[in-house]
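Asks: Generate coordinates for the entire structure from the input sequences, incorporating the hints supplied.
Taken in order, these protein sequences are the chains called W and H. With the numbering used here applied, the first sequence corresponds to residues 3 to 262, in that order. With the numbering used here applied, the second sequence corresponds to residues 3 to 262, in that order.
Derived from the structure by calculation, the hints contain no laboratory data. A hint or two may mislead.
It does not matter which identical chain is used: a pair holds within one copy or between any two.
Said to hold, decoys possible - Keeping only pairs whose Cα atoms sit at most 20 Å apart, straight-line, the calculated EDC-like set for lysine to aspartate or glutamate is:
#1 74 - 199
#2 56 - 44
#3 65 - 92
#4 149 - 29
#5 68 - 224
Quantities reported herein were computed from a predicted structural model and do not represent experimental measurements.
Protein chains: 2
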Amino acid sequence: MKYKEKPLILITNDDGIKAGGLVALVEVAKRIGDVVVVVPNESYSAMSHAITVKHPLYVKEIKQKKGVALYKVNGTPVDCIKLAINKLLDRTPDVVVSGINHGSNSSVSIHYSGTMGAAREGAINGIPSVGFSLLSHSYDADFTYAKPYIKKILKHVISNGLPIGTYLNVNIPDIKGLKDVKVCRQARGKWVEELIEREDPRNRKYYWLTGYFKNFEPEATDTDEWALEHGFVSVVPCTIDTTDCKYYKELKDKEDELQV
Amino acid sequence: MKYKEKPLILITNDDGIKAGGLVALVEVAKRIGDVVVVVPNESYSAMSHAITVKHPLYVKEIKQKKGVALYKVNGTPVDCIKLAINKLLDRTPDVVVSGINHGSNSSVSIHYSGTMGAAREGAINGIPSVGFSLLSHSYDADFTYAKPYIKKILKHVISNGLPIGTYLNVNIPDIKGLKDVKVCRQARGKWVEELIEREDPRNRKYYWLTGYFKNFEPEATDTDEWALEHGFVSVVPCTIDTTDCKYYKELKDKEDELQV
Chain W
3 MKYKEKPLIL
13 ITNDDGIKAG
23 GLVALVEVAK
33 RIGDVVVVVP
43 NESYSAMSHA
53 ITVKHPLYVK
63 EIKQKKGVAL
73 YKVNGTPVDC
83 IKLAINKLLD
93 RTPDVVVSGI
103 NHGSNSSVSI
113 HYSGTMGAAR
123 EGAINGIPSV
133 GFSLLSHSYD
143 ADFTYAKPYI
153 KKILKHVISN
163 GLPIGTYLNV
173 NIPDIKGLKD
183 VKVCRQARGK
193 WVEELIERED
203 PRNRKYYWLT
213 GYFKNFEPEA
223 TDTDEWALEH
233 GFVSVVPCTI
243 DTTDCKYYKE
253 LKDKEDELQV
Chain H
3 MKYKEKPLIL
13 ITNDDGIKAG
23 GLVALVEVAK
33 RIGDVVVVVP
43 NESYSAMSHA
53 ITVKHPLYVK
63 EIKQKKGVAL
73 YKVNGTPVDC
83 IKLAINKLLD
93 RTPDVVVSGI
103 NHGSNSSVSI
113 HYSGTMGAAR
123 EGAINGIPSV
133 GFSLLSHSYD
143 ADFTYAKPYI
153 KKILKHVISN
163 GLPIGTYLNV
173 NIPDIKGLKD
183 VKVCRQARGK
193 WVEELIERED
203 PRNRKYYWLT
213 GYFKNFEPEA
223 TDTDEWALEH
233 GFVSVVPCTI
243 DTTDCKYYKE
253 LKDKEDELQV
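Replies: Encoded structure:
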């Protein structure tokens, strides 16, 4: 695909404007196209696909830096995408990119992730969309080795597009010797909760959510979890259609059992 | 399936403990099994699959009413499910039920919905789960005509179970003469944003998110939107697996194009 003008790249994240992952993503993106960054004004981790309905949204335009436009919003990553597409941009972006998240969004973590919520919102709006995550929660995470992969995938998506309603969940191990890019399916697994129980000074019990991820199919070699454990960059093509096609047929055949 | 003891029904919602939809759901559920209600202590609409990571969670036990245990949590619907399963319940619930939401969660609205987030969390934990929504945002909505359908579907799910990772998105028109239950697929559509722009007393612009839903395939007769528009109760079997199986194969064939 040839562009008369440079491709327009809309970027958001859920870690806020100072996150190293955002800086690294902008560095890659501005070599490919015009970049507009619209991000939450604070960390909005684990906000999933939430939108803000209880308070109004304010947009603050930050001084442009080397052709990159920057906006901050007092809302979620999905709010940022909605505001950008419907108010801040003068044309539809060629791609929505979210990240680079500090921490994995593989397997079912996609459901909790604000980073992936923003990518999903791009896809709902018919825009090719990608979420990137590095497998390091460190504030000082090093994105050097991830960058060539991000550039390659981003250019591929801009050139080839994605089917309407499809978005990519890209996770990258935090290692130097990254292997190939592997197209995967979402692994079956879940977060095993280990609620931390404490008492406050008024003797009231309180809980912190925490836990560890458990892969239910560690032997399967076609999952994102397997790829990441073996040093590959995982790319899961995701759909906004939640319909369980297999069980749909099964339940459709038993539809009469559901009648009142 | 025969129970030695009554089935255990875990209920949550995203409208809080006083919502008429919750009261109606509990009325149906307590005739079927033992009921434990764990709900946010305030309205958590549009919170999607968000979890609370920035502050600790407090649980308040409310006095039991007629064999129904009630808890309030200062968190999201998904937090409520996590706390219930891992801390409050002494056995795994036979079914997780969320709602009855005041307002539709059909088509892509499932992604924004806290009600459906809770049902999805149940499914992630391997528990048959259902979210119910009535197509009325009214605080005083009348759930009378919805109740027999909810009872029927709930009993069916408890007796037959659901595949691991599958949950049901049930939407019910707000009318007296409801037709049959229709097993559907998720309609393609999106929320068309109409951001309301205003100025605060300090002359700063602010925005409210609002809009209307647009069905991209109004002629298709197998979607939830079609069913609801024609007076049917829609049941969409949903999966926690976001993988786009069709595009997965296509992109897998082009995997070499993604290599650095």
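Asks: All hints, please: hold or fail.
Replies: Comparing the hints with the structure gives:
When the C-alpha separation of residue 74 and residue 199 is checked against a cutoff of 20 Å, the pair qualifies only between copies, where the shortest distance is 17 Å, while the shortest distance within a copy is 35 Å. Taking CA atoms no more than 20 Å apart as the test, residue 56 paired with residue 44 passes in both settings, with 17 Å inside one copy and 12 Å between copies. Within a single copy, residue 65 and residue 92 get their C-alpha atoms as close as 18 Å, which meets the 20 Å cut-off; across copies the closest is 55 Å, which misses it. Taking CA atoms no more than 20 Å apart as the test, residue 149 paired with residue 29 passes inside one copy only; the shortest distance there is 9 Å, against 55 Å between copies.
Taking CA atoms no more than 20 Å apart as the test, residue 68 paired with residue 224 passes in neither setting, with 41 Å inside one copy and 50 Å between copies.
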